[in-house]
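For reference, the chains in residue letters:
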Amino acid sequence: MIPFTQFIVDAFDKNAPHLPGSENSYISALRKKAIDVFAERGFPSKKMETWRHRPMDQHVAEKYAFQFAPDSFIPVEKIFKCKIDNIGTNTFALLNGWYSYQHSPLTIFPNGMIVGSLLAAFEQFPELVKTHLAQTDLQKTDPLVAMNQALFTDGLFIYVPENIHVEQPIQMINLATSKEQLLIQSRNLIVLDKNASLSLIHCNDSVHDGKSFTNNVTEVSLNENATMNYYKMENKDPDSLLIDHVIVDEKSHATFLSNATTFNAGYVRNMLTVNLNEPFADAKLYGLYLVDKKQYVDNQVSVNHNATDCTSKQLYKGVVDDEAVANFNGHILVAQDAQRTTAFQTNRNITLTDEARIMTKPFLEIYADDVQCSHGATVGQLNDDALFYLRSRGICERNARVLLLYAFANEIVDYIEIESLRHRLTDMVKKRISGELTHCDQCVLHCSDPKEIIFNIDVSKI
Amino acid sequence: MLLKIEDLHASIHGKEILKGFNIEVNRGEVHAIMGPNGTGKSTLASVIAGKEVFDVTQGSITYKGKNLLKLSIEDRAREGVFIGFQYPVEIPGVSISNFMRTALNEIRQYRGQEPLTAAQFLRMMEEKKKVVELTEKLSDRSVNEGFSGGEKKKNEIFQMAMLEPELAILDETDSGLDIDALRVVANGVNKLRTPENATIVITHYQRLLDYIVPDKVHVLYDGKIVKSGTKELAFELEEKGYDWIKKEYEQGKL
Chain A
1 MIPFTQFIVD
11 AFDKNAPHLP
21 GSENSYISAL
31 RKKAIDVFAE
41 RGFPSKKMET
51 WRHRPMDQHV
61 AEKYAFQFAP
71 DSFIPVEKIF
81 KCKIDNIGTN
91 TFALLNGWYS
101 YQHSPLTIFP
111 NGMIVGSLLA
121 AFEQFPELVK
131 THLAQTDLQK
141 TDPLVAMNQA
151 LFTDGLFIYV
161 PENIHVEQPI
171 QMINLATSKE
181 QLLIQSRNLI
191 VLDKNASLSL
201 IHCNDSVHDG
211 KSFTNNVTEV
221 SLNENATMNY
231 YKMENKDPDS
241 LLIDHVIVDE
251 KSHATFLSNA
261 TTFNAGYVRN
271 MLTVNLNEPF
281 ADAKLYGLYL
291 VDKKQYVDNQ
301 VSVNHNATDC
311 TSKQLYKGVV
321 DDEAVANFNG
331 HILVAQDAQR
341 TTAFQTNRNI
351 TLTDEARIMT
361 KPFLEIYADD
371 VQCSHGATVG
381 QLNDDALFYL
391 RSRGICERNA
401 RVLLLYAFAN
411 EIVDYIEIES
421 LRHRLTDMVK
431 KRISGELTHC
441 DQCVLHCSDP
451 KEIIFNIDVS
461 KI
Chain B
1001 MLLKIEDLHA
1011 SIHGKEILKG
1021 FNIEVNRGEV
1031 HAIMGPNGTG
1041 KSTLASVIAG
1051 KEVFDVTQGS
1061 ITYKGKNLLK
1071 LSIEDRAREG
1081 VFIGFQYPVE
1091 IPGVSISNFM
1101 RTALNEIRQY
1111 RGQEPLTAAQ
1121 FLRMMEEKKK
1131 VVELTEKLSD
1141 RSVNEGFSGG
1151 EKKKNEIFQM
1161 AMLEPELAIL
1171 DETDSGLDID
1181 ALRVVANGVN
1191 KLRTPENATI
1201 VITHYQRLLD
1211 YIVPDKVHVL
1221 YDGKIVKSGT
1231 KELAFELEEK
1241 GYDWIKKEYE
1251 QGKL
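Just so you know, the sequences run in chain order A and B. Under my numbering, think of the first position of the first sequence as 1, with each following residue one higher. Under my numbering, think of the first position of the second sequence as 1001, with each following residue one higher.
Chain B extracted, bound-state conformation (with noise of 0.2 angstroms):
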């Protein structure tokens, strides 16, 4: 098992968020995360990732074995988790390939491998754009500045395809997106996927969903999964809207 997450409790200024979250995601699956606005998607997104400001008051998350809430930030990237962020940060005058190069050579010191050549590493750059269709040259555009929130996108898959996680995170990926961006976007992720990673994807809406076909489907809803299911859930649930699972969940049919 790649990931097992039992009863996770998370808050946020003594507020909580997550009431209790189980999920376990074998390598090779993708599994979608749906549910309505505010039941805390995106904080489990974050707390995954490491963000300081989420307290996690009760719970386990084992990754690859390891306790994945005792490893640093930047030592849960280096051990193969990625998140695709809702809102990417802008970060004036820091390059994307210098972000990169950085970024993977700081992995690769953690694997122990050797750091990549710039010869290298502009070879693997210009593979991986073709992964989202990026044709500018990244060298001269810093982290997500001026970009629409499409490249936004676009740039987080980029960087995912980069740093060939094997557990991605993608958080409302599918938001802000034109028809044409979400397929380039979601045939990104389809072409990354193999049988030894494994992908959870947060979503609001199923249309993603058409293109990134899931495993599993598991409804959030007040900070802990309440239904799960195949992809047909999906479909259920944008027939008959999150209503009803609000209803179910209140009269403790869930």
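Next up, chain A with everything else stripped away, as it sits in the complex (with noise of 0.2 angstroms):
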């Protein structure tokens, strides 16, 4: 047993008794036979295929602290200051782990829908979390996850009712502010029911959260119908470690869409795993990486056709600058009795350096014969010709490479529905591009500067 796992494992003997919602046999329960799990899978070493060309063990301190209770409550607005004009979202924050609240632990809506802490879900609506929690195979496979189901502390839940459709999209901001080296492992979990809808943005960001490893779950269960816009942004610290599991099951004609943004990272791992369980569920799985410094950056995405008639697409794209690392892995299973199957796959690379470096591994897995399914990876630099014709109008060739990365960027951002997150996205991949974005006291990036970042060129759409 190599160093860490022993270091998880003793800290789960010794907490055991206390871990938040212990006085619940069904949470025990579920925690023991993820410890089992994580003992004997082990944490990700070398050895495991996913994870060789990075290895987590040579990234990981010897120990962590662990947060077994919330912070007292801090309004988040205070911490962090980072807000979209007119995106009029309703806000929920984690704070090192924790649902962070003033007054009630859960929100119920006039139009039912509930939102707030996990564990005071399970105590209010022990069914309806049972039904949801942890009921991914992945727990007993994946290290990560298990370790996670072990020790996790709270998370975020919502629960939109049938029918319900939630115009307001709901922001989740997770926040690591301790000074201290602390492990934090969030569970959220997500559910919509028959035709309900939901947009949901989910920030990473770090204030000062300093070598802090953070191993998120969020699991989203999709019933019949259902449709869920899940738009993930992080801008991590360059020490930051941060795993971030999401997990999504679908029923029939139930929609996911998926667009995640890493415009800087430490050591950042996004895992993606979308169950298509029912016939005509659709997923549609987009991502953006703007990576430089020695920062990594890791997509781990895996689709599973499981029923006939299901539709995927993924597209990722990345600029990878300096000696920044690039890792993207994705896999698409489609089972034998997934007729009828549409599975897309594409991953396009740019890098800007001779260090900096990308690892693309498309992986498509089909057992069944009536399945229309293709896959692409590229790894280039920018067009040459593409430069020389933009030069040869007049436009200097930094501002050159500029139009060309942005353009090759934001293909990304314009899949975004919400508006202003669009437009505020677009405004950071220019900036990012640009080389302006640095850090800032409220996060790592610079998005909601007030002051007016001056461009030699306007590449907003006349």
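Read the hints as simulated data drawn from the structure, not as lab findings. Some hints here could point you the wrong way.
Unchecked claim - If you anchor each label on the Cβ, the simulated ranges turn out as follows:
1) V1053(B) / A368(A): 46 to 56 angstroms
2) G1150(B) / D414(A): 22 to 32 angstroms
3) A1118(B) / E62(A): 55 to 65 angstroms
Ideal placement from N, C-alpha and C gives every residue a C-beta, glycine not left out.
Both chains are given apart, each in its own frame, so use the hints to dock them into the complex.
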């Protein structure tokens, strides 16, 4: 057993009697099962295929502190001022792995929607939570999902009842503020009942998380004909270590759209698993990563076509500068009876230096015979002919590069359906590509700096 | 004199393509450079544009009294040189309007002019679209992406109209055009003619010269101009073919 595996197992043994929710035998049983899986599998090392490029065991510290009780309430606006103008989201925050609230851990809206702490939801609506929590097979196989399940603190719970279309997007802010070297593991559960719809903006930001290690799991359960638009933004400290799992189960005619952007990272690994379990379920998965310096970003996307007539599309793009490294692993599994499957996957990358590195691995596993599947991966530099063409019209080389990179990257942002969010991200892409985004007090990036940053060129749409 | 090229030698990967090219172009003139394939016509356009893959080993290009070869690619454009490319590049994701606004404002900045406002720019674009009978909305279209051969060439002339160059070099602008598109493109070029600017038309066929009537016609062969004349020379070439030039050249008559 490697030292870190031992550290986690010891931490579990020591803390098991007073872990959050320990008074509830159901949760205790979930935890116990998970720690056994974790102990057996072990913390990811070089020997595990999807971890071999950048094994975690070389990045984790020897030990971390745990925070098994919430901080006293601090209004999130006080520590985190990053706001998107006119977006009008309903904002909820997780602070060091705990749902942060002033009055009540659960809010029940007039339309029946429930938002709040997962632990509180478990007390008030045990059957609803039990039906959907930890239903994935991943906790039996993935050591980090198991590690989360064994030692999670709290997390965000959202339930949208049948036929309810939630107009106002919900924004979930995951903040790490501890000065201690903390292991943060939140567990989120989002359940959309039949014909329900929701847009969720998930922000993984750091304020002062120093060398904390975050390992989050978000489970999404979409009942028949439910629609969820999921936007994830990651702006993390260069020292941070973030593993973010999103696991989606879809019933028939459900639709899941995901758009994940990583603009700054230390070590970021996004694990997105979508299970299309009933006919005509659909998944559209977009991703964009713009990394430089010594950042590392990893996207592990897995789409399982378990039923007939489902459709999926993956499009991930990246720009990798300096000595940064990006990894993409896209897996499509088409089960034997998943006939008439349509599944596409594309990963495109641009490296800007000789030192920047990209690993990309499309992986299609198809057991049905009536399918339409494709995959493609490219790694390249900026097109010299296009650069020359732009310059031959009077545009300087730097701006020509910015125009081309912006065009490349913004294709992903264009798929964002919330207009104000799309504009904000377009602006951030421009700034990021022009090298104008730097650290600010609020988060790693300058996204809401009131001071207008002047560009040499105006690349806004006319 | 607007442009003077003297004894220009240029090579690519060590192979010499231009071998002592000379030309003099004054404001208000239209010159046609004709010649068979592989004699250096496109190389000439590329060298003037500043394509780095070509090495100029000898000779000079003087444009408005300046050494053109010392200017960067973008500064040549800012000084008023425009190349209409034979194979314009497709640039997905960059809209034509964005492209032109960026280019125009950089050129204006270079010349010490104020940038155009969005309204001024839009008005200008609508006006210039008429030059080549463009009707669609250009803000929605990426540069050359998915364009037919004719659309690409129209788009080149549209850009020329927007940038108002003093010297335009049109490289095989007629290739790949049907007769209607050829007429539109040629009419566009004619509309842009003024006593202050000059155009060099590089072509393979005399056909284009029915529409764009040149003041001078030059025949490029083996990397240099071997014969010059008036527009009648183009008719003679059409009639006798380039073999006539080749034969005379090889016999040392040119």
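Hint check:
1. V1053(B) / A368(A): 46 to 56 angstroms: The hinted range 46 to 56 angstroms holds for V1053(B) and A368(A), with Cβ atoms some 49 angstroms apart.
2. G1150(B) / D414(A): 22 to 32 angstroms: With a Cβ separation near 28 angstroms, G1150(B) and D414(A) satisfy 22 to 32 angstroms, so the hint holds.
3. A1118(B) / E62(A): 55 to 65 angstroms: Taking Cβ atoms as reference, A1118(B) and E62(A) lie about 58 angstroms apart, which means the hint holds.
In this structure, none of the earlier numbered hints is contradicted; all agree with it.
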